[in-house]
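The listed protein sequences correspond, in order, to chains A and B. First residue of the first sequence: 1235, per our numbering; consecutive thereafter. First residue of the second sequence: 35, per our numbering; consecutive thereafter.
Calculated from the structure, these hints are not laboratory results. In this text the structure is predicted, and so the values were computed from the model without any measurement. Heads up, the beta-carbon is just placed ideally off N, CA and C, and yes, glycines get one too. Hints may be right or wrong, so weigh each one.
Stated by the list, open to error - Here are the simulated BS3-like pairs of lysine-lysine, each with C-alpha atoms no more than 25 Å apart in a straight line:
#, chain 1, residue 1, chain 2, residue 2
1, A, 1741, B, 256
2, B, 262, A, 1739
3, A, 1633, B, 227
4, A, 1739, B, 227
5, A, 1763, A, 1493
6, A, 1636, B, 227
7, B, 227, A, 1741
8, A, 1741, B, 61
As the list claims (entries may be wrong) - Which chain B residues face chain A? A few, computed with CB under 8 Å, are given here:
#, residue
9, 201
10, 205
11, 207
12, 226
13, 227
14, 228
15, 330
16, 332
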Amino acid sequence: MTVKEEKITESKNISKTEIDKQEEEPRIGVFICHCGHNIAGTVDVAKVADYAKDLPNVVKAEHYMFMCSKPGVQMLKDSIEELDVNRTVVASCSKNQHGRTFAKAIEEMGLNRHKHQQVNIREYNSWVHQKEKDKATEKAKKLVEAGVNRARKLEDVETRRVPTTKAALVIGAGIAGLRASYDLAELGIPVYLVEKLSTIGGHMTQLNKTFPTLECPQCSISPLTNGVANHRLIELYTNAQIKSVEGSMGNFEVEVEIKPRYVKDNCTSCGECALHCPVEVPSEWDSGMSVRNAIYKAYPQAIPATYMRDKKSCIECNTCINVCPVQAIDFSMQTEIKTFKVGSIVVAAGFDEYDPSEIEPYHYGQEGYENVITQLKLERMLAPGSLTNSQVLRPSDAKIPKSIVMIQCVGSRNDQVGNQYCTGVCCKFAIKNARIVKEMYPDADVTICYIDVRTPGLNFEELYKSAQEVGVRFIRGRPSEILRDPISGELRVIVEDTLSQTPLKLKADMVVLSAAMVPPEGIGPLGSKLHVLRSKEGFLKEFHIKMNPTLSSKGGIFLAGAIQGPKDISESVAQAGSAAAIAAAPLVKGYIEKEMLVPSVDYDLCVRCGLCKTVCSPAAIEINDDGTPMVNEVACKSCGMCMPVCPTGAIQLLNFSDDQLLDEIIAISGGGAVCENE
Amino acid sequence: MVKENTFAFFLGCIMPNRYPAIEKSTKFVMDKLGYKLLDMERATCCPAPGVFRSFNKFDWMVAAARNLCIAEQLDADILTVCNGCFGTLQEVNKHLKQNEEHREMVNEKLKLLGDYEYKGTINVRHIAEVLGYEIGPWGIEDHIVRKVNVKAAIHYGCHFLKPTRIREIESSEGPTIIEDFVEVLGVESVRFKEQFTCCGAGGGVKAYSGDASMTIFGEKMKNIDEVKPDIILDICPFCHLQFETGQDYLNKNKSCNYNYPVIHISQLVAYCMGMDQEFVGLQYQLMGQDFIFGGEQITEKEEAA
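Input sequences plus hints: build the corresponding full structure.
So, in structure tokens, the structure goes:
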């Protein structure tokens, strides 16, 4: 502690002993940028440069019109060559804006890029003090001095190459997960594809038509499902869930729990078992619009085609075992746990359709309101091979409805249920379905009640118009209630047409709710296992909404499709391709470059409280058997959160240590306040 | 702790002035059930949740808090038989219990009115909820001496259940608390169209725009008339007033011919507990003056058993 005290008391004249400890004497070059009039219009840059000249270790201090220009950058380079400058300070804009420009320049001259210190005298100074020029100049002097103090003790930061495991894990086999898996495999990366359900293809296989072209989704997706199922580099695990995830970017170890199908792979998919099964339960894949047996295949084209026994609803009558011609059924199959080593993880866990029963005035799912359904159920009704033979029939009495009212924004844009966001695809699928239904039944009234119609992008306004042209009626207003006449059982949708300010009661033989896309069930535990952050809506949060929407908050874990937020198929496919490419890059290259800007632990000072681990969001700190922390240098994101919580200062981030930050503060505070406290 | 089996009986405005029979019935019922009702001296208007709150929410809270203070001084929960009074008193009570800042502001102003300090020690109860949940259909059976045999259109009104997040009694979309309770009294409840909408009186509508009020009410009566009940059963004197005077208005001005007796839940329960029909007071009401409850006596059967 004596050294520290000495240093503080001699704040201005930074102690000689400290400097002697350095391997080389710091030779600091200071450059003040005018940024046109942005800085020089307020700050007297010449005065600041003059002031900087006299600071200890400063061997050159200049000012220039545009430091980021080629001649400006050349000034830095020249100072290194001519004056042996070994640390640079540029006082200009923010570190995010041009810090990297200058760091790269000194690296080209053979210095470590971390020997550059950026000082922001534009956003932090000239832009906010335009009317106080003298004070702004004084502030600039202090900021520059602080930068010089900080630069004095900057250390080299090593960049290390970490070898990566050439394999990837993809979670979820919907359209996004399939696309990402296939693209990864085509780049030569072995892929483990893990799907929670018994089949692959996800929500897309449930749809009747895809907008805007009204294509058959099964036809679009089946080349991909087949391609993935048969790819030599893709190992597919259905009925499987993530159990644990260890490790970090480039090298993860993942435990996967695979539930048994109770049907062996020699199943020929003949269907004898289901034909004789006495149990019938609502089909999940068919969104409850038909029934399946306790032993079943979700749908005819399902991949894998192997049947599966649903243990929960099975009554163990053993009929299926007896009728199976190839003896494929085996009730003794056990849950398996497999461990995979992978370099990257792509999360494509998709979404769930919002359950509208939460919105009481719509009475979804209640007795007497059987004719209130969701768009997904309507899709299932319209799809080929449905129980209604692709006709629209009211669930209550199987009659063709003469009036259909669709309600938009059910669970979206609704503060009452806590979802502020617009799902962004409901307008499109409602318009698509309304048009299909209206074309099927031209005499039926098809009405869409909307808040705003949101159909941006190529082809979608055209789709909207085409629906209007076939006679779909659009009413602007969010229905307050669906009322049922207790005598006749008829439904009425209560809505105000806000364009004409007319309250309406719309007769509805059937009501279709355009339910929101919400995070899938189980996303909480999965997110915790992956150590990734979630948005307040519950989706997995991207690293940067504009510049890196595919990376999660944790390095090496990427997001594809609706798990990051509501998306349509095109967007999911595009993001999946992006996820595959950036997830593959370090695996193809064979290594990742990681700057070792990481904390070190003084084990003599550590009191083993474990606080550092609790605040480490990328989970880069592990606790050793003796209670001390151990930093995973590859996983560390250099955020520094561990430092302020440490009660003894035992954990110190390289180039951000208490000692270095204190030097910087002293220049700004004049040292007074700090000394008094001591 | 407040006194057990005791309520401070908040009368409100409409009941004592227009329908003293409801007051009489309530006292009869609560007495038979073993509750003591205390008079709230110097109590004022609740004040009405629609009009007063819309003009000045703070003064509305102060006046309500003053009423709450009277009950606090009596050390008893408030009992009301009116949706409007319940709406105001329950909401203000709940709000002031939770919001310290408003509590202080209200208490500051209460000082000007005398020896009042809101402390948040009591609860506010509605008779329908006391009967429906506290006594319950299982509890009332022991106390009734006769069952009626009527078909009732039950009108819940608005403030009893809405807003549900504040009332926390039951969902306002298809509630069953009253239906479940009155079934034991021999009442068959019939669902009718748009049953849970407003009667058209509250929120200042009746006073401000009689026409609008009667348009809403006319729709309501049309829906009730479709199911042809014997009586209209309500839980609020203001709704009661609307159903009474409204039917009269529709008969005189809109060529209707309604004559549905309007019964408050207190009146019905009191009758089933043995109060004479004459005290139910239908003869003083506008509609169904000749209506006879009738029904079967059950005391003898019980005694025989």
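Okay, the hints, checked on the actual structure:
1. A:1741 / B:256: holds, 18 Å
2. B:262 / A:1739: holds, 23 Å
3. A:1633 / B:227: holds, 23 Å
4. A:1739 / B:227: Roughly 12 Å between the alpha carbons, so the hint for residue 1739 of chain A and residue 227 of chain B holds.
5. A:1763 / A:1493: holds, 19 Å
6. A:1636 / B:227: holds, 21 Å
7. B:227 / A:1741: holds, 13 Å
8. A:1741 / B:61: violated, 46 Å
9. 201: violated, 14 Å
10. 205: holds, 6 Å
11. 207: holds, 4 Å
12. 226: Interface hint status for residue 226 of chain B: holds (6 Å vs cutoff 8 Å).
13. 227: Holds - the Cβ of residue 227 of chain B comes within 8 Å of chain A, reaching about 5 Å at its closest.
14. 228: holds, 6 Å
15. 330: violated, 28 Å
16. 332: violated, 30 Å
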